[in-house]
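Undergrad: We have chain C; now place chain L onto it with these hints.
There are 2 protein chains.
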Amino acid sequence: MKAAEPIQDFYPPEFSHCYGCGRLNDHGLQIESRWDGEQAIALFTPEPHHIAVPGFVYGGLIASLIDCHAMATAAAASYAAEGRAPGSLPDFRFVTASLNIDFLAPTPLGEILELQARPAETGRRKVVVAVELWAADQLRVRGQAVAVRMPDTMEQPPG
Amino acid sequence: MKAAEPIQDFYPPEFSHCYGCGRLNDHGLQIESRWDGEQAIALFTPEPHHIAVPGFVYGGLIASLIDCHAMATAAAASYAAEGRAPGSLPDFRFVTASLNIDFLAPTPLGEILELQARPAETGRRKVVVAVELWAADQLRVRGQAVAVRMPDTMEQPPG
Numbered sequence: 001m002k003a004a005e006p007i008q009d010f011y012p013p014e015f016s017h018c019y020g021c022g023r024l025n026d027h028g029l030q031i032e033s034r035w036d037g038e039q040a041i042a043l044f045t046p047e048p049h050h051i052a053v054p055g056f057v058y059g060g061l062i063a064s065l066i067d068c069h070a071m072a073t074a075a076a077a078s079y080a081a082e083g084r085a086p087g088s089l090p091d092f093r094f095v096t097a098s099l100n101i102d103f104l105a106p107t108p109l110g111e112i113l114e115l116q117a118r119p120a121e122t123g124r125r126k127v128v129v130a131v132e133l134w135a136a137d138q139l140r141v142r143g144q145a146v147a148v149r150m151p152d153t154m155e156q157p158p159g
Numbered sequence: 001m002k003a004a005e006p007i008q009d010f011y012p013p014e015f016s017h018c019y020g021c022g023r024l025n026d027h028g029l030q031i032e033s034r035w036d037g038e039q040a041i042a043l044f045t046p047e048p049h050h051i052a053v054p055g056f057v058y059g060g061l062i063a064s065l066i067d068c069h070a071m072a073t074a075a076a077a078s079y080a081a082e083g084r085a086p087g088s089l090p091d092f093r094f095v096t097a098s099l100n101i102d103f104l105a106p107t108p109l110g111e112i113l114e115l116q117a118r119p120a121e122t123g124r125r126k127v128v129v130a131v132e133l134w135a136a137d138q139l140r141v142r143g144q145a146v147a148v149r150m151p152d153t154m155e156q157p158p159g
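Residue numbers (our numbering), protein chains in the order written: chain C, 1 to 159; chain L, 1 to 159.
No wet-lab data here; the hints were simulated from the structure.
On a predicted model such as this, the values are computed, not experimentally measured, just so you know.
We put the beta carbon where it would ideally sit given N, CA and C, even for glycine.
Among the hints, erroneous ones may be present.
Said to hold, decoys possible - A partial selection of chain L residues facing chain C, derived with a Cβ cut-off under 7 Å:
no. : residue
1   : D9
2   : F15
3   : T45
4   : H49
5   : H50
6   : G55
7   : G60
8   : P86
9   : S88
10  : L99
Excised from the complex, chain C in its bound form (with noise of 0.2 Å):
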């Protein structure tokens, strides 16, 4: 995988409609996650409605932004960790087991956003992320997301 292409770019269709980074979701924030075989960047620039104070980002989108570019950090570092090229399969499908985020300093609103993401702990079922999210030089926030392979009972919709 090329470090141009977004991570989320290798997931399958019906795992493509996430808010956070479905490319098929219209209505979604469409996160694009990328690799460079140590780490994962995501650029993205808040909108004015995502507002927490005035001229600050809201912190529910800061958690959406870590939350989806850790799962895709946990998939790209899945391949690279079987020596695989991201996509083949079996593909990795990982939800979100849970997510501790500390902000460290407010985040200003018309900055872009850079996060960086790192595996900390890379298991068959289990990936640790940690991350780190930085906005006009400085480290405003900083989380950590345990990400566990997708149940059998999230394959099919409840009901």
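TA: Showing chain L alone in chain C's frame:
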């Protein structure tokens, strides 16, 4: 405050633009939290585009709901701790210092989500809030948010 009045209705206008819970943000989620003296309840029905994988709610939306609902709970609990009417001055303006979320079970789309939040620790500058998210009579997500009084640096937009 009657239980029927959302806590967010007492936020001053300049703090009512939040994407998650600002009544003045037409693009936002407009989360409403109601305090009954011991806990706060918020009901929210996700839109079809708030999807993770087919049939299930997006985790970033859930993080957003927990975040805003916890901050409202922190404000309501702080007024209660001082025996003051919500909205009376000086007002409480909390921001999220940290957010920890455990996704215990997938949350089905198409259901009303019920968020139940209780203050676990109510200090003058820091309130810890425990949140549960229920859907279809099952506990789906557990969250904890640390709310801190808003720093002076956020009183004015950066720039």
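Undergrad: The structure should be examined with respect to each hint, and the outcome stated for every one.
TA: Each hint, compared with the structure:
Taking 7 Å as the C-beta contact cut-off toward chain C, the hint placing D9(L) at the interface is violated, the least distance being around 17 Å. Given the 7 Å rule on beta carbons, the hint for F15(L) holds: about 6 Å separates it from the nearest Cβ of chain C. The restraint placing T45(L) at the interface with chain C is violated, with a minimum CB-CB distance near 15 Å, outside the 7 Å limit. With a least beta-carbon distance of about 4 Å to chain C, the hint placing H49(L) at the interface is held under the 7 Å criterion.
Hint status for H50(L) relative to chain C: holds, with the closest Cβ pair at about 5 Å, below 7 Å. A distance limit of 7 Å between C-beta atoms decides the matter here; for G55(L) the minimum to chain C is near 3 Å, and the interface restraint holds. Hint status for G60(L) relative to chain C: holds, with the closest Cβ pair at about 3 Å, below 7 Å. Interface hint at P86(L): violated, since its Cβ lies 19 Å from the closest Cβ of chain C, which is beyond the 7 Å cut-off.
Annotation: interface hint on S88(L) violated; nearest CB of chain C at approximately 20 Å, more than 7 Å. Interface hint at L99(L): satisfied, since its Cβ lies 5 Å from the closest Cβ of chain C, which is below the 7 Å cut-off.
Checked against the numbered hints given earlier, this structure breaks hints 1, 3, 8 and 9; the rest are met.
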